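Asks: Spelled out from the first residue to the last, the chains are:
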Amino acid sequence: MSSVQPFLQVRGIAKRYSNIEALKAIDLDLYTGEVLAIVGDNGAGKSTIIKILSGAITPDSGEIIIAGRKYSKLKPKTALDAGISTVYQDLALIDTMDSASNIFLGREHRKHFFCLDDKRMQQEALDLLQQLGIYIPSLYSTVACLSGGQRQGVAVARAIHQGGRLLIFDEPTAAMGLKETATVLRLIRGLAEEGFGVIVVSHNMEQVFKISDRICIMRQGEVVDCVKTSEVNPQDVVAMITGAIDLEDFSIYRSKN
Amino acid sequence: MAVRIRLQRLFPQLLLTGVLGFLIIVLSLSSEYFLSWDNFRNILDQSSVHILLALGMTFVIASGGIDLSVGNVAAFSGVVMAVAMKADLGVFSAILLGYLAAFSFGLVNGLVVSYVKVNPFITTLASMSIARGLALILTGGVSIYGFSASFKFWGTGSIGPINPPILFSFILVIVGIFLMGYTLWGKYSLALGGNGEALRRAGVNVNLYRTSVYCFSALCAATAGLVMTARLNSAAPLAGATYEMDAIAAVILGGASMKGGRASILGTFIACLTLGVLRNGLTMMTVPTYYQQLFTGMIILVAIVISELRSKEE
Ligand SMILES: Nc1ncnc2c1ncn2[C@@H]1O[C@H](COP(=O)(O)OP(=O)(O)OP(=O)(O)O)[C@@H](O)[C@H]1O
Ligand SMILES: [Mg+2]
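So the sequences go chain by chain: A and B. Here numbering that gives the first Met the number 0 is used: the first residue of the first sequence is 0, the next is one more, and so on. Here numbering that gives the first Met the number 0 is used: the first residue of the second sequence is 0, the next is one more, and so on.
Source of the hints: derived by calculation from the structure; they are not laboratory data. Keep in mind that a hint or two might mislead.
[Stated by the list, open to error] Heads up, simulated DMTMM-like pairs for lysine to aspartate or glutamate below, C-alpha to C-alpha not over 20 Å straight-line:
| id | chain 1 | residue 1 | chain 2 | residue 2 |
| --- | --- | --- | --- | --- |
| 1 | A | 74 | A | 62 |
| 2 | A | 72 | A | 26 |
| 3 | B | 311 | A | 26 |
| 4 | A | 74 | B | 196 |
| 5 | A | 69 | A | 80 |
| 6 | A | 72 | B | 196 |
| 7 | A | 76 | B | 196 |
| 8 | B | 151 | B | 196 |
| 9 | A | 76 | A | 89 |
| 10 | A | 227 | A | 179 |
| 11 | B | 258 | A | 62 |
[Unchecked claim] Far from chain B, some chain A residues (derived; all Cβ distances over 10 Å):
| id | residue |
| --- | --- |
| 12 | 13 |
| 13 | 20 |
| 14 | 46 |
| 15 | 53 |
| 16 | 54 |
| 17 | 78 |
| 18 | 94 |
| 19 | 100 |
| 20 | 146 |
| 21 | 185 |
| 22 | 188 |
| 23 | 230 |
Source: prediction; values computed, not measured. Beta carbons are placed, not taken as given, at the ideal position from N, Cα and C, and that holds for glycine.
Bound conformation, chain B alone:
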């Protein structure tokens, strides 16, 4: 009984793993290069920013919210790091400032959504615009580039066979699985989305938990900002725009319900890999990036429709 229910609940993730397997087989048949470690590392590297953003987003969507600001907050925190370094602050302080900048966005998002009870869609849409505006103001609209090697390390350095972005995303996946499955914080994130009022009546400070979920998402965005900026050796004010869409797509593909209450870190991770492999394959088959955008949009739509149908069935 328990096993059957577990399997039923894992259905979206199993389906997704099937799709990933299928993609891998097709792509490895069409190109020998595909199955090489270099390419695999490349896929992981390319997916790392998406993974970082999507993991934070998983908790937000689990709690019945949404965070549209992640892409622009990532770019903004990268810009803050860049500006700080250009002002001769040390690498460490610059990174810290970038995290603080992102965190304040998470805090504002969370406080407004929890205490003022503004719809999270509207709230984070506004803060997305604010983050973008601030990034443009700080940079004057042009990218800041050229950083020290100790900063670039966080994007391009290597740690054994992998690099810091891949390491970050792996660590966060493991931390995410632990938080979601084994801690009160993860449980309450899901409970907020399942029935926040019931959680409140059970004596839990729901505003505090809800706020912390948005803060967590912002910290993930800051990590993505660090990786993006260090990797490109440049902080572009509009670097992360539309990344929130990829993150939301991955979370929903990974089996989360848009209504909240149901979400899976592992599912999100597999979804990010699947999207990464798909992008990699499309590039290998020289499909122009505009079409890739089109594909991603269509995948999101299909995933949301499936998720919607599934929750109706329940």
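Extracted from the complex, chain A is given alone in its bound form:
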């Protein structure tokens, strides 16, 4: 895998909020066809790096290289065009609109120049949700009326529909039930198998180990280490998240085993 060029390279990305260093010059690589899990405690900077990758916020310094092209500042539009689709932790849904409008947000079908093609969007949204196994009771109701898990389902459907080559999921199953979670995890694994790159942020170790190929551990705005999932066990990762194992200790530990 290391012989191929990574689809995404993050180089020295830093972000400061007035008095907090949310990210301290981090590096990260992502290849297509793999699931990379990002783990870390609350406030470690996971969502911040993801928002930078999707162009929702701009970093203070550093650069992002997508498919060989350098970007110092991504805008949401450039990120989408470069093939990055994101399910945000806050979902970024428009509560006052229905599921189809949310799924097609920013990429609406039109007919006769001006008019929105609502029928077509409704139909395609219905097909997409069905195909993904996401159940929404009524396509006509606003997403404000949906349950937390159903709302996540709509956000996931939108990211899939945007059809980028890299899909980012920031805690996509946090509010989902067992069945829905299983569906989304299967979906994520399937995407990687089809050749998409996937980044997943999760606090659930069992999930992380079930779906990821690699794990990046973040702590206080830094990427502490990136490891192959097959080479570690959950306890080690938890220890690295909390800082119970230091980098050096871990390398020693790794070389011993």
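On the provided structure of chain A, position chain B with the ligands as indicated by the hints.
Replies: Same frame as chain A, but now just chain B with the ligands:
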């Protein structure tokens, strides 16, 4: 399912139509004149300025903003038209200048709200004061009057059974319904108010759309300015003051949420008619205009409270 949800969403408009129906029945029982075409035309004519301002306001409120400057911008654009005509510019150029004057206010409002991210309430409060000041300066504080017949036509001429102000408001209602319900621009106006950040993250140039909403409102105000000035055959610098209140009242009564994301052109239109019928009825029953002001204020308050309660329920 879909039908029930549609009905639920239409609740404020249905309620309003009920109130309008009730008013019409009561008023027609108390006066024979009320149901005559003349009176109906009169109500439409009297409501046209309110309708024009309220339609622009509907898009602004849908986008989660507010435009307090519309009344004074309408008066200002009327003053610009008047000054231009007194300077021997043709009617057409004068009207064009009036629209340009209003448009620049919309543009400034929009740019400041979108790019500088100043609260729309403060921004448009300031531009309201600027428009009023400019109108007073241009006129020296006194009305300009006496225009050519071809200008007065836009306020008092007749087109079949109706007149240009009524025609303008009907056209704008139809255009508004089309824009709001069937175009990307309308959808994004609502999306801006629903969750502007989500729209931005979806790759949409939200600043551009937000700015255009204020420009649209200003163009509606210019049309209102044209109608007001032509109808009275005079441009008064303070003509449109407080009209923004009536416009906001109509938009909220029509089912819009003050927070944005929910608004209805048809609702606004029915609300304008209801307020028009109410004013007409109060005048017929010889209630002094001061009391009418009081009523309008109370109606706004009640409408906002109801709208607030409704959005909490959701
Ligand atoms: N808009 C903001 N303004 C100020 N500080 C912020 C802002 N957004 C994030 N932060 C800070 O940046 C740090 C990293 O936040 P981030 O949301 O990336 O954490 P996270 O790893 O996603 O946490 P969680 O697991 O809780 O989602 C936190 O200390 C947070 O308080
Ligand atoms: Mg987070």
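Asks: Hint compliance check: list the failing hint numbers for this structure, sorted ascending.
Replies: Of the numbered hints, 3, 8, 10, 11, 15, 16, 17, 18, 19 do not hold.
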